[in-house]
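Peer 1: Please construct the entire structure, taking both the sequences and the accompanying hints into account.
Chain by chain, the residues run as shown.
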Amino acid sequence: AQSVTQLDSQVPVFEEAPVELRCNYSSSVSVYLFWYVQYPNQGLQLLLKYLSGSTLVKGINGFEAEFNKSQTSFHLRKPSVHISDTAEYFCAVSESLSGYNKLIFGAGTRLAVHP
Amino acid sequence: NAGVTQTPKFRVLKTGQSMTLLCAQDMNHEYMYWYRQDPGMGLRLIHYSVGEGTTAKGEVPDGYNVSRLKKQNFLLGLESAAPSQTSVYFCASSPRGASSGEFFGPGTRLTVL
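Going down the list, the sequences are from chains A and B.
Taken in order, the first sequence gives residues 12 to 126; the numbers are from my numbering.
Taken in order, the second sequence gives residues 45 to 157; the numbers are from my numbering.
Since the hints were made in silico from the structure, they are not lab data.
We treat Cβ as the ideally placed atom computed from N, Cα and C, and that holds for glycine.
Treat the hints with care, since some could be wrong.
[Claimed, not checked] Dumping the calculated DSSO-like pairs for lysine-lysine here, alpha-carbon to alpha-carbon at most 30 Å:
| # | chain 1 | residue 1 | chain 2 | residue 2 |
| --- | --- | --- | --- | --- |
| 1 | B | LYS101 | B | LYS53 |
| 2 | A | LYS60 | B | LYS53 |
| 3 | B | LYS115 | A | LYS60 |
| 4 | A | LYS60 | B | LYS101 |
[Said to hold, decoys possible] Chain B residues, not near chain A, derived (Cβ > 10 Å throughout):
| # | residue |
| --- | --- |
| 5 | GLY60 |
| 6 | MET71 |
| 7 | VAL104 |
| 8 | LEU119 |
| 9 | SER143 |
Peer 2: As structure tokens, then:
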């Protein structure tokens, strides 16, 4: 079964600084990869996804992620963060369950942007 | 277009009580999911449905039942609530399964005393 490891449970960063949130998954077979964001007291919102093709994926709010098959990683980056990026971020990988794809989520990384 | 809605937003139950959480989506999606979110554990899939009239077990189905009588609704039932079921419950839907991404509701915070 697939598993997803988010290497940092919390990442503090100052406003306008760059940030990288790390994600590794367990399998090297073909997978779909996702990043979701959860703002306080809200549901999850899709930031970006990798299905195939270019390994650099651009998402909403200026985020991007790079798929690295050899390292089984899908790290999320933003060159300059804002206070409004404070949220919890979840990496997810698809897995086939009884013939249907479902998502396996990491434990989440809480990004705290300070002024 | 409301997307995915969940009812209720908050609920407190006593051990042994039963309740039903309602999820509704107006996007004509085939797939619907129920997750629970616990601190430090991310989201875990309870049950899912790949179409009207179908349901299947996810990672943590014990103590829960579901029904999908109408395409737009996915109900999650707790027959006899336990303190271990204290959690935030999220419903999600997607048009074509995981590859198309999932759309999440705002969540239901359930406390079982």
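Peer 1: Hints first: check each against the structure and report whether it holds.
Peer 2: Okay, the hints, checked on the actual structure:
no.	hint	result
1	B:LYS101 - B:LYS53	holds, 24 Å
2	A:LYS60 - B:LYS53	holds, 29 Å
3	B:LYS115 - A:LYS60	holds, 26 Å
4	A:LYS60 - B:LYS101	holds, 25 Å
5	GLY60	holds, 29 Å
6	MET71	holds, 13 Å
7	VAL104	holds, 12 Å
8	LEU119	holds, 18 Å
9	SER143	violated, 5 Å
In this structure, only the earlier hint numbered 9 is contradicted, and the remaining ones agree with it.
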